[in-house]
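Trainee: Sequence order for the protein chains is A and B.
Add 1 to a position in the first sequence, counting from 1, and you land on the number used in this note's numbering.
Add 284 to a position in the second sequence, counting from 1, and you land on the number used in this note's numbering.
Read the hints as simulated data drawn from the structure, not as lab findings.
We put the CB at the ideal spot given by N, CA and C, even for glycine.
A hint or two may mislead.
Among chain B residues calculated to face chain A with C-beta under 10 Å, some are [as the list claims (entries may be wrong)]: (1) Thr287; (2) Ile288; (3) Gln290; (4) Ser313; (5) Asn316; (6) Gly327; (7) Leu374; (8) Cys375; (9) Ala380; (10) Glu382; (11) Gln387; (12) Arg390.
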Amino acid sequence: GNSVTQMEGPVTLSEEAFLTINCTYTATGYPSLFWYVQYPGEGLQLLLKATKADDKGSNKGFEATYRKETTSFHLEKGSVQVSDSAVYFCALSIAGGGSNYKLTFGKGTLLTVNP
Amino acid sequence: SQTIHQWPATLVQPVGSPLSLECTVEGTSNPNLYWYRQAAGRGLQLLFYSVGIGQISSEVPQNLSASRPQDRQFILSSKKLLLSDSGFYLCAWSPATEAFFGQGTRLTVV
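Using the sequences and the hints, build the whole thing.
Mentor: Okay, structure coming up:
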């Protein structure tokens with residue numbers, strides 16, 4: 002079946018540090034890949050996505066590149082801020098029956114950024 | 285633009301009581317709709333999905349059920365809550381490959 006493995010953390014960084022959160026996947030077929038962010042007490046927000054190999058998704062200074070050869074989609078940011086503190090989820094989607102796509106999530110990585 | 289509404293935001297219910305959580309989507313038609321549960325370990329578990337009115341697929345057998353009485357309405361229900369039903373419940377809709385989530389309902393069964 003499909004699965005997503007990401008470093009569970011927690012990850013604690015100082016402001017302006019470099020961030021990497023690793024994510025690898027297994028999937029049948031050609032998945033689309035996503036990073037979602039969840040701030041305390043809220044739902045998940047789509048942070049970025051990539052739909053085919055070598056695509057780079059980017060948003061708010063975060064980037065991730067779809068690497069088919071290593072089945073990875075690592076999240077990076079060059080300089081984190083306190084406001085980036087949240088839980089980050091890596092996810093993939095594969096078409097199910099008809100037009101239905103089902104997301105498979107990693108377990109999430111808690112990031113805490115200290116001033 | 286599309287928006288998704290989910291309520292209530294928090295709920296405390298006694299064991300054995302019924303449950304009804306509602307989710308509605310605006311600004312789109314015939315969306316795929318999903319219910320997820322997030323337990324204390326932070327992972328998300330897909331509970332139900334629906335590709336149309338009256339069409340419900342269950343991913344995990346459990347004490348919950350779902351219904352889609354209207355195109356943009358998705359309801360999560362239980363006849364008798366268990367302690368193990370506590371968690372953070374998230375509704376989502378999908379236009380294609382990605383999903384967009386509501387703000388969630390924090391359910392505590394006491």
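Trainee: Against this structure, judge whether each hint is valid.
Mentor: We went through each hint and held it up to the structure:
| no. | hint | verdict |
| --- | --- | --- |
| 1 | Thr287 | violated (12 Å) |
| 2 | Ile288 | holds (9 Å) |
| 3 | Gln290 | holds (8 Å) |
| 4 | Ser313 | violated (13 Å) |
| 5 | Asn316 | holds (5 Å) |
| 6 | Gly327 | holds (4 Å) |
| 7 | Leu374 | holds (6 Å) |
| 8 | Cys375 | holds (8 Å) |
| 9 | Ala380 | holds (7 Å) |
| 10 | Glu382 | holds (6 Å) |
| 11 | Gln387 | holds (5 Å) |
| 12 | Arg390 | holds (8 Å) |
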